[in-house]
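Engineer: Chain by chain, the residues:
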Amino acid sequence: MQIQVQDLEHRYQSAGSPALSKLSHTFEAGTLTGITGPSGAGKSTLLYLLALMLTPSAGSIRWDDQDVQDLADADRARLRARHVGFVFQDAVLDLSRTALDNVMEAGWLAGLRREESASRAQELLDRFGVGARATYRPGEVSGGQAQRIALCRALVKNPEIIFADEPTGNLDSESADVVWRALADAASEGAIVIVATHDSKRVAKLPNRLQLVP
Amino acid sequence: MNSGTPRPGYFVADALHRLRHPFIPTVVAMLVAFAGTTAIFATTGLAVASQQRTLERINSPQGRLIAVTDPQGSAGLSPESVEVVSNISGVEWAVGIGPATDVSNAAIPGSAIVTARRIYGELPPAIETSHGNQLLPGEALAGPDLAKQLGFSQGVGAIESRTLSAVVVGNFSAGAPLTRLNGELLVGASTSDSNRLLTLWVSVSDVAHLQTVTRAVTSALVVESPGALRIDTSKDLALLSSDVAAELATSARLLVTALLLAVAILIGILQFGRVSGMAKDIGRSRALGASRSTIVLQILINAGACGIVGAGLGTLVGVILDFALTGQAPVAAFSLSVGILMVLAALAGSIAPAIRAARLDPVRILRVP
Numbered sequence: 001m002q003i004q005v006q007d008l009e010h011r012y013q014s015a016g017s018p019a020l021s022k023l024s025h026t027f028e029a030g031t032l033t034g035i036t037g038p039s040g041a042g043k044s045t046l047l048y049l050l051a052l053m054l055t056p057s058a059g060s061i062r063w064d065d066q067d068v069q070d071l072a073d074a075d076r077a078r079l080r081a082r083h084v085g086f087v088f089q090d091a092v093l094d095l096s097r098t099a100l101d102n103v104m105e106a107g108w109l110a111g112l113r114r115e116e117s118a119s120r121a122q123e124l125l126d127r128f129g130v131g132a133r134a135t136y137r138p139g140e141v142s143g144g145q146a147q148r149i150a151l152c153r154a155l156v157k158n159p160e161i162i163f164a165d166e167p168t169g170n171l172d173s174e175s176a177d178v179v180w181r182a183l184a185d186a187a188s189e190g191a192i193v194i195v196a197t198h199d200s201k202r203v204a205k206l207p208n209r210l211q212l213v214p
Numbered sequence: 001m002n003s004g005t006p007r008p009g010y011f012v013a014d015a016l017h018r019l020r021h022p023f024i025p026t027v028v029a030m031l032v033a034f035a036g037t038t039a040i041f042a043t044t045g046l047a048v049a050s051q052q053r054t055l056e057r058i059n060s061p062q063g064r065l066i067a068v069t070d071p072q073g074s075a076g077l078s079p080e081s082v083e084v085v086s087n088i089s090g091v092e093w094a095v096g097i098g099p100a101t102d103v104s105n106a107a108i109p110g111s112a113i114v115t116a117r118r119i120y121g122e123l124p125p126a127i128e129t130s131h132g133n134q135l136l137p138g139e140a141l142a143g144p145d146l147a148k149q150l151g152f153s154q155g156v157g158a159i160e161s162r163t164l165s166a167v168v169v170g171n172f173s174a175g176a177p178l179t180r181l182n183g184e185l186l187v188g189a190s191t192s193d194s195n196r197l198l199t200l201w202v203s204v205s206d207v208a209h210l211q212t213v214t215r216a217v218t219s220a221l222v223v224e225s226p227g228a229l230r231i232d233t234s235k236d237l238a239l240l241s242s243d244v245a246a247e248l249a250t251s252a253r254l255l256v257t258a259l260l261l262a263v264a265i266l267i268g269i270l271q272f273g274r275v276s277g278m279a280k281d282i283g284r285s286r287a288l289g290a291s292r293s294t295i296v297l298q299i300l301i302n303a304g305a306c307g308i309v310g311a312g313l314g315t316l317v318g319v320i321l322d323f324a325l326t327g328q329a330p331v332a333a334f335s336l337s338v339g340i341l342m343v344l345a346a347l348a349g350s351i352a353p354a355i356r357a358a359r360l361d362p363v364r365i366l367r368v369p
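Read top to bottom, the protein sequences are chains A and B.
Position 13 (the first sequence) corresponds to 13 in our numbering; numbering is contiguous.
Position 222 (the second sequence) corresponds to 222 in our numbering; numbering is contiguous.
Since the hints were made in silico from the structure, they are not lab data.
Check each hint, because a few of them may be wrong.
Unchecked claim - Calculated Cβ distances over 10 Å to all of chain A for the following chain B residues:
| id | residue |
| --- | --- |
| 1 | D14 |
| 2 | G63 |
| 3 | S89 |
| 4 | G90 |
| 5 | G110 |
| 6 | D145 |
| 7 | I231 |
| 8 | A262 |
| 9 | A352 |
To be verified - Okay, the calculated bits of chain B under chain A, using three or more residues with CB under 8 Å as the criterion:
| id | stretch |
| --- | --- |
| 10 | 2-11 |
| 11 | 35-48 |
| 12 | 289-303 |
| 13 | 334-341 |
Source: prediction; values computed, not measured.
Even glycine gets a Cβ: it sits at the ideal position worked out from N, Cα and C.
Excised from the complex, chain A in its bound form (with noise of 0.2 Å):
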């Protein structure tokens, strides 16, 4: 798989400058890419953008060669449940429900029978650690414990394409390393992975960088 973009630019509604100016780059597969850029760069939009959650202002979006930008809600949705994985700065995780529960989510509505996304689910934990905490509530977790199990969400539907934003800016550098590691083992077996973070120290180990300004 690949994306690419072309002359890629938002501008929020609000805002008078572009949050995202004329980008042009091409993601593949098998690839980890760290995304750098101080505040208000436009990481976290480009995310956003390659995601199909947002509709770019101008330029192009094509995963492989589907021109991707001006499909209608009901499709991005089903490419982002089929092939997107995302993890978030703050796991984002729903309070009310278990932490395999959180995984199964992901699986479930990307179309998984529940046995499957359960046991993919409960592989998952237990490969990050987490395991004994699958029945565990968000609130009954520590940080870093709820970005693993956020990060097993991402993983559940073995997804082609995996966003993180600022993944580990919440975690100490145990957990960090244990992201970063699940990150790069995903690229490594295919996936498209795209990180947007402040952490140049570890961007600069990366073969794949993109560096946003203002």
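Since the structure of chain A is provided, determine the placement of chain B on it from the hints.
Structural biologist: Then chain B, alone, in the frame of chain A:
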């Protein structure tokens, strides 16, 4: 392979989860539907029941009777009219009666004289007999105590007059509206004979149709001089019946509409509050791949489930309440309709919140400032 579309099981599991989380709005929504349903039963249900009883009283056998009489005996009303009129839609039964004839026991000269009349058509349900509802020509039934007056120790025997002879085969007892026949003998007769009717009684199935059926009966009669006939009906009762029915329909519709509207608005307000409280969950679901229609469906399923539970319990309590207060349960169609309408009101009230939920911008919700 991921289809990108949630399976139906997801919606069921999600609906069950969202009924419990958050619990209080769910319970309040159920209570609103419950209270609305019970209120309908406690107001409209009771009104319907009491007005139904009024209608039943109006819709009495006497009120449903059309009496076609030939007072001068000159109209030439043919017994064939009985068969013709019986086939008119809305006619419950029709029976023709001939002029009175004095008869006595054929075996005892100088025995007591009683009044006999020819009767045409099937015996109506108002006449209970020891002999079934078919009286053949030449057979007769005696009213209460008449057989004894005629000296029939076994209740059967022959009667005769100059123009009439028959065999009494049993007895009868006439209820309303034909109680006036109880002092007479009824002699079976063929509707094709050449005698004339004195009276044709027609019972309509519903007093509300009295006027229509009366017009149909009048035009269908086999009669030589229609102008000589007198037709008596309980026209006022029929008009009262239709007035009561119309008033019932109008007031019930208004009340039910007002209550349904109130329930829809209250549930709508509750759902708006719920949607605001779960904005982050909605944003997360959208980011994970839930489409707008999935969000709308989730909200409506939740509202529908609250409506079903609330309206179901409300219907149960309402039926018991009506039964306790009036002694009879509301008709099933009414109870079912109230329940269904209440669920529809809950759904209707949730449409706007569901659309609002679907239109929430996930990026705005999820972005960390």
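Engineer: Take a quick look at D14/B and tell me if its Cβ sits farther than 10 Å from every Cβ on chain A, holds or violated.
Structural biologist: D14/B not clear of chain A: closest Cβ-Cβ about 8 Å, inside 10 Å.
Engineer: For the stretch 35-48 of chain B, count the residues whose Cβ lies under 8 Å from any Cβ of chain A; is that count three or more?
Structural biologist: With 0 residues closer than 8 Å to chain A, the stretch 35-48 of chain B misses the three-residue bar; violated.
Engineer: Decide, holds or violated, for the assertion that all CB atoms of chain A are farther than 10 Å from the CB of S89/B.
Structural biologist: holds (54 Å)
Engineer: Was G90/B rightly flagged as not at the interface, with every chain A Cβ beyond 10 Å?
Structural biologist: At about 55 Å from chain A, G90/B clears the 10 Å cut-off, so the statement holds.
Engineer: Could you let me know if the closest chain A CB is still more than 10 Å away from the CB of G110/B?
Structural biologist: Label holds. Min Cβ-Cβ 99 Å, cutoff 10 Å.
Engineer: Has the stretch 334-341 of chain B got at least three residues whose CB is nearer than 8 Å to a CB belonging to chain A?
Structural biologist: violated (count 0)
Engineer: Examine the stretch 2-11 of chain B: at least three residues should have C-beta closer than 8 Å to a C-beta of chain A.
Structural biologist: holds (count 8)
Engineer: Classify the label on G63/B as holds or violated, using whether its beta-carbon is more than 10 Å from each beta-carbon of chain A.
Structural biologist: holds (62 Å)
Engineer: Check the non-interface label on I231/B: least C-beta distance to chain A beyond 10 Å or not.
Structural biologist: holds (69 Å)
Engineer: Quick one: work out the minimum CB distance from A262/B to chain A and report holds if it exceeds 10 Å, violated otherwise.
Structural biologist: holds (30 Å)
Engineer: Go check the stretch 289-303 of chain B versus chain A for me, would you? Three or more residues, Cβ under 8 Å, otherwise it fails.
Structural biologist: holds (count 6)
Engineer: Non-interface claim for D145/B: all C-beta distances to chain A beyond 10 Å?
Structural biologist: Nearest chain A Cβ is 81 Å from D145/B, so the label holds.
Violation of the numbered hints given earlier is confined to hints 1, 11 and 13; the remaining hints are satisfied by the structure.
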